[in-house]
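Asks: Assemble the complex: chain A is given as a structure, and chains B, C and D must be docked to it using the hints.
There are 4 protein chains.
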Amino acid sequence: MSQIKIFNDPVHGFIEVPKNFILTLIDHPYLQRLKRIRQLGLTNVVYPGANHTRFSHALGAMHLTQQALRVLMEKGVLISEEEYYATLAAILLHDIGHAPFSHALENVLIPNMHHEKMSLWLMQRLNEELNGVLALAIQIFQGQYPRPFLHQLISSQLDMDRMDFLMRDSFFTGVQEGIVGTDRIIKTLAVHNEQLVVEEKGIYSIEKFLVARRLMYWQVYLHKTALIAECMLIQILKRARYLFLQKKLSECNDKLAFFLGIQEQQALEPQQVIENFVALDDIEILYAIKQWQFCQDKVLRELAQRIWQRKLLKLSFLSKEAMAPKLRLFKEKFQNQTGYTEEETNYFVFGESVSNSAYLKQSQEPILILKKDGTLTDIIAASDLSNIDALSEPVVKYFICAPDFVWKD
Amino acid sequence: MSQIKIFNDPVHGFIEVPKNFILTLIDHPYLQRLKRIRQLGLTNVVYPGANHTRFSHALGAMHLTQQALRVLMEKGVLISEEEYYATLAAILLHDIGHAPFSHALENVLIPNMHHEKMSLWLMQRLNEELNGVLALAIQIFQGQYPRPFLHQLISSQLDMDRMDFLMRDSFFTGVQEGIVGTDRIIKTLAVHNEQLVVEEKGIYSIEKFLVARRLMYWQVYLHKTALIAECMLIQILKRARYLFLQKKLSECNDKLAFFLGIQEQQALEPQQVIENFVALDDIEILYAIKQWQFCQDKVLRELAQRIWQRKLLKLSFLSKEAMAPKLRLFKEKFQNQTGYTEEETNYFVFGESVSNSAYLKQSQEPILILKKDGTLTDIIAASDLSNIDALSEPVVKYFICAPDFVWKD
Amino acid sequence: MSQIKIFNDPVHGFIEVPKNFILTLIDHPYLQRLKRIRQLGLTNVVYPGANHTRFSHALGAMHLTQQALRVLMEKGVLISEEEYYATLAAILLHDIGHAPFSHALENVLIPNMHHEKMSLWLMQRLNEELNGVLALAIQIFQGQYPRPFLHQLISSQLDMDRMDFLMRDSFFTGVQEGIVGTDRIIKTLAVHNEQLVVEEKGIYSIEKFLVARRLMYWQVYLHKTALIAECMLIQILKRARYLFLQKKLSECNDKLAFFLGIQEQQALEPQQVIENFVALDDIEILYAIKQWQFCQDKVLRELAQRIWQRKLLKLSFLSKEAMAPKLRLFKEKFQNQTGYTEEETNYFVFGESVSNSAYLKQSQEPILILKKDGTLTDIIAASDLSNIDALSEPVVKYFICAPDFVWKD
Amino acid sequence: MSQIKIFNDPVHGFIEVPKNFILTLIDHPYLQRLKRIRQLGLTNVVYPGANHTRFSHALGAMHLTQQALRVLMEKGVLISEEEYYATLAAILLHDIGHAPFSHALENVLIPNMHHEKMSLWLMQRLNEELNGVLALAIQIFQGQYPRPFLHQLISSQLDMDRMDFLMRDSFFTGVQEGIVGTDRIIKTLAVHNEQLVVEEKGIYSIEKFLVARRLMYWQVYLHKTALIAECMLIQILKRARYLFLQKKLSECNDKLAFFLGIQEQQALEPQQVIENFVALDDIEILYAIKQWQFCQDKVLRELAQRIWQRKLLKLSFLSKEAMAPKLRLFKEKFQNQTGYTEEETNYFVFGESVSNSAYLKQSQEPILILKKDGTLTDIIAASDLSNIDALSEPVVKYFICAPDFVWKD
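Protein chains in written order, with our numbering: chain A, 1 to 409; chain B, 1 to 409; chain C, 1 to 409; chain D, 1 to 409.
The shape of chain A in the complex, shown without the other chains (with noise of 0.2 Å):
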């Protein structure tokens, strides 16, 4: 009867999908996959109700991206059927390339592999299953589409993509500060030469937008156990790695295997990457995390251990110059107490820095306001203070991890 499928969302209520090609896509496993890969992957060890999942995220940028579309349509912007459509297939596929725990495995389960690139070549994938239906979702994603506003939607400072990963990670979070008002920025975007860019009146929202940005960070992507937890992570997929290229590693499972063996400067095709990498989810890293409780690497074992049971490294922020002094201090004395050697010892004592900025202001993107008199101006420029400016100065920390031992006297 009805043209659309619902969804039931908590952040959103009711999502629409069209029971197109669209919803074909939604059903393919390369999304349902998606389910397996939770969004903020370890940060449920500090905030318990964070366990919701990329595929939620990508549904739910995708009914923000149509009700952005709708008004951009109601103030008179012509977008074909097509068009639409496309922009919906790029927006729910952007980030169908991210491994599990991609926030922290990034770089590390497949060496310099960047998402977004592991996201187009199984949109092409994709493309030639469904008989070239998404070729033009395809250019949008990539920003070769004429109609640049089609790509700013689902990738820039404003895009999408960010509107609903803050808004549903402060949701599932509890952190309500960092809960976004999309409804009422999205009512004020405009298209203006087929650039997208905001009514002045939008500009309070986007201010906020940009502190509540600014807040998440620093209250949960950045926060201090979940850092800890996300930096020993990659310390085990590291010893992994090491211990399989030097065949020392008994207990793995096959899927992560064939990832462990992948060498530092490896060239890799789509062909050879993408059976195995779309096989793999959260499970099989917490399953072997598991199971490396009890293996025979020493190193491997402890970090396991410490991870599952939750005897987390501590980590500490510090001033730039500070760093290097205080490391070489505290790996003596791991190395002195443990009788790790200092290979060994890298893994459990090292520095390591963050940033962020709320907002870029070299970006060749920025921000742009449109103001009653027709007239353009980047944000910094339009807000009445120096305000934006000031978030958008990159904030950096630096920091060090090692066992509570170390750090006392």
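By construction, these hints were calculated from the structure, which means they are not laboratory data.
Among these hints, one or two may not hold up.
No distinction is drawn between identical chains; accordingly, a pair holds when it is met within one copy or between any pair of copies.
Claimed, not checked - The calculated lysine to aspartate or glutamate pairs, modelled on DMTMM-like cross-linking and capped at a C-alpha distance of 20 Å, are:
| no. | residue 1 | residue 2 |
| --- | --- | --- |
| 1 | 290 | 254 |
| 2 | 201 | 16 |
| 3 | 35 | 282 |
| 4 | 19 | 409 |
| 5 | 290 | 251 |
| 6 | 224 | 200 |
| 7 | 298 | 344 |
| 8 | 372 | 194 |
| 9 | 333 | 269 |
| 10 | 314 | 27 |
| 11 | 238 | 343 |
| 12 | 19 | 74 |
| 13 | 311 | 27 |
| 14 | 247 | 344 |
All values derive from a computational prediction rather than experimental measurement.
Replies: Chains B, C and D only, in chain A's frame:
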């Protein structure tokens, strides 16, 4: 049975009121009068949902104060029962001296009278009536009690008054960007040397609170249409006083007449004013304007008709420099086209300014952050960005009001 | 730029109003008047948040109707542009004939006049003013248009009027149990033989809607304290009319006077009433009661004082049989203790009944369920339980009102 | 500093956990394991948001219990500190004995073992570990403590367990009709003769709670697609056990193997089972099914593939009488078309029934209403309608499962 009476509140859910003198206060005509005074005056010309009253706000602010006091006690701050209830009484009564539409009419209805002074008068009168039960509440309200954090809960840059009104005004206007996670801020409150402070982890929440506050100023409190409606209301009352003092105001109810008869420099004593003041609420003002649509004086009649029939003057922001010449031009044009006198013209064509800063950095009472190492610092220094510094710059905007036809070429 | 004007609504978020004659209607004084009539009259004596207006409700009901029409169109129901806007106009105007406090004052302010008749008169007047643009809306409103589902959307057991007022009244009173998932119900609406029906999967939602409705009746609409306040308001108006017709009512504003002068059996023509009717809103009624606290007539004075100072009569439910004897007893007791005459006593001691059934099963317009096999059935038969059957039993409650001291032994 | 640790919860906001043995329990591996067991098992095939865990539910139920205890204390019920914490411990641990997917796998993974028995075993083990600190909690959990209301808070027709899971499951599935105003119900709880009762004014809330519960059963818990997924999961485990006992299951991890090896009538002692039980969570089950897609046994392989690739069997409800003949017909048809044996056919074609009643009226523990006159009555008698009586009728539904092609003519 229960020692608690429960009020339903759309914003906070259940509000618990202890069945002691706090409930007596709530049932008193002085507080019940606030049920007939809308919190946002004429803002419902723009936001039709904004019909909430000062009574609900008083209850809500008391509710948040109760939450804050409990959080502090859980953290080991000793607060006696007497202090507890006195603080609740103080916040409950803090706005009791507001006149109808006081956002606009403060200083107009009673010249040179601040609502806090009237609140104090009324509290003192209540204290007599209730045999001194409010003595401590009055001390706290005036900031004379030796434990300043109790006063700071009801009046400071981070008081429960603002927390509630920001949340409530966002809620009822439907401007969701103004919604503030008061729960989280309240959880991070602490007391240090009897001062109210915020734990370090609360910084991002405070920042978001300040941004939300600024947003609400420009989007709601100083919304152009609400602003012009309020300016016109002031003009109406000024004209009515002028006519009244000239004995030319035929239609006017007794209560309002009392206030219109107060002279500019007249010194007032509580006993003269209180009876009339507490008998006045939104109804008299609205009723008077409605009548004045048909009164004899041409100026008052036109102003009343314009506001009632939504033929509002037009307001436009402009630079400080541009103001004087434009005003001169507009007045001349208006006089020529209407035949009004120069003095009458001032009711229809006039300039004003509004200003706002989200955070007062020169304030004697900065928002203090309690760092993990036990030291205190101003939030500007504690924030990792120049962001709050930016927020604390006052923004001043100048505007001119005049009838539509004056703006046209 | 945009063809749509946006209103902020705390309940539904953004409400989109097409910038055609629909916006003209909203800006018209007839509809603007609803901004000064509270939806729930005196219910704010119990629920202090309940200050929302009939204007907001009209907008909200229009919003839901817009949603419903879009759902139907997506399911393939053909609806012309003319039908679409006419239905929006009809729902927008459906309550335009409500007097202030009409829940209580219907039939009291204007004897024997139902608000729907007044709504029709006003629509016809508007239609003249707007050169016939409302002809189809009026047909739909009256149920004379050959496609009954359009009328059913605005007036039936499942209309958008109820959907909105239940949601809105729950929202503003803070009685969350009344909140209804209108989204879901609307998604299950369909049209079968031009009748509005519900798809089978919507049964549980409808059931919950009916339960919520019943709950709101007993918890809000017929709440004892709200009920007694409304009964007293009726007594006040009755007494005022009695005095007015006897020429004994000294204090009364003109607009109210017109209505108090209407005789019980008087036949009224639109042109006599409309001007006065549209000039009347909550302000006149409240202003009059406030004044009558000090009027000459002892009965009116006491009633006005009691309602204004919250010294309400006491209401108690009892069995139908117990009513007459108790009433006799109470009246006698009251007369003896106060010295009021028998006729005056009736203003202070009286009995009434209220009734409610969540679903009218004998109605000519049952809620129809469209089963998957394409057949229709009444919801009572479709529900797997005798539950809705039970809900459709009317509940009648009898009560007596009298001053506190009469109830005491 | 604070004596309280705060958890963020999307449903309840902040959850406060006292930093005593309650926090020790939460940090214990037995409870942490619940983070890896989803509350609704396979329901996320239909509701993609339903990934919340039993851990969050345990926290949430504890939170509501804390609220309920505070309400009771405010009403004058004396509750000692020991009783307070013991009740929190009991509710926190009440579900600790749940196996992964226990909604489906209870009695399948460990034959004839109810999860409450396992919860008790684990509590006793914890009690030993923690030197008897749980003695009172265990007494309360078992209903052996002389103050029954404490047990009733954690297990009865109105316990905090149901309150939380209904709210939580509604929240995460996005089925808003299931949302229950727990705040209001909790506020109306009272204690009478040491029994948990509800004050009269709470009747409508309870009624709504029961309706919401029934709705959630049919809309979520017994949703056709979720039901068929669970039935298939049971078939998979049954087949795996059959193969394992026949030593024909090549691929199986150790932990799962332990359980597959338990014989139907085998008597189990805690010490045999506990270690393996607490090592088992969703990961092993999901991992095993994923592997079994490629196993040797044709039946297990097909079942695993069907569930993983969402080629679910089809389920249809029918009358009890129609079941046996249809089942016979379908099995025959399936065997003929596939070549499976009769015994193998039973894994693919089978009939079952589900039942639900919202309120058990024959229960020994009815929901008791405390009337204003101090007497008690069952809610059925207290309700002014036969509505709850109707709700208490059990509804039984019969259904058949079979592959799609069997259903077709």
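Asks: Please sort residue 224 with residue 200 into within, between, both or neither, judging by C-alpha distance up to 20 Å.
Replies: The answer is between: 14 Å across copies meets 20 Å, while 37 Å in one copy does not.
Asks: Quick one: residue 311 to residue 27, C-alpha cut-off 20 Å, is that within a copy, between copies, both, or neither?
Replies: between (40 Å within a copy, 11 Å between copies)
Asks: Cα distance capped at 20 Å. Does residue 238 pair with residue 343 within a copy, between copies, both, or neither?
Replies: For residue 238 and residue 343, the Cα distance is within 20 Å only inside one copy (12 Å; across copies 48 Å).
Asks: What label fits residue 290 with residue 251 when the C-alpha limit is 20 Å: within, between, both, or neither?
Replies: both (11 Å within a copy, 18 Å between copies)
Asks: First find the shortest C-alpha distance between residue 314 and residue 27 inside one copy, then the shortest across copies, and answer within, between, both or neither for a cut-off of 20 Å.
Replies: Between copies only: 17 Å across chains, 42 Å inside a chain, cut-off 20 Å.
Asks: Checking residue 247 and residue 344: alpha-carbon separation at most 20 Å within a copy, between copies, both or neither?
Replies: within (17 Å within a copy, 42 Å between copies)
Asks: Given identical chains, is residue 290 near residue 254, meaning Cα to Cα at most 20 Å, within a copy, between copies, both, or neither?
Replies: Result: close both inside a copy and across copies, 16 Å intra and 12 Å inter.
Asks: Could you figure out if residue 35 and residue 282 sit no more than 20 Å apart (CA to CA) within one copy, between two copies, both or neither?
Replies: Both: 10 Å inside a copy, 14 Å across copies.
Asks: When no copy is named, should residue 372 and residue 194 be tagged within, between, both, or neither for a Cα gap of at most 20 Å?
Replies: Result: close within a single copy only, 18 Å intra versus 46 Å inter.
Asks: How would you classify residue 298 and residue 344 at a CA-CA limit of 20 Å: within, between, both, or neither?
Replies: within (9 Å within a copy, 46 Å between copies)
Asks: State whether the alpha carbon distance between residue 333 and residue 269 is at most 20 Å within one copy, between copies, both, or neither.
Replies: neither (45 Å within a copy, 47 Å between copies)
Asks: Should residue 19 paired with residue 409 be assigned to within, between, both, or neither, using CA atoms and 20 Å as the limit?
Replies: Result: close neither inside a copy nor across copies, 64 Å intra and 26 Å inter.
The structure fails to meet hints 4 and 9 from the earlier list, while all remaining hints are met.
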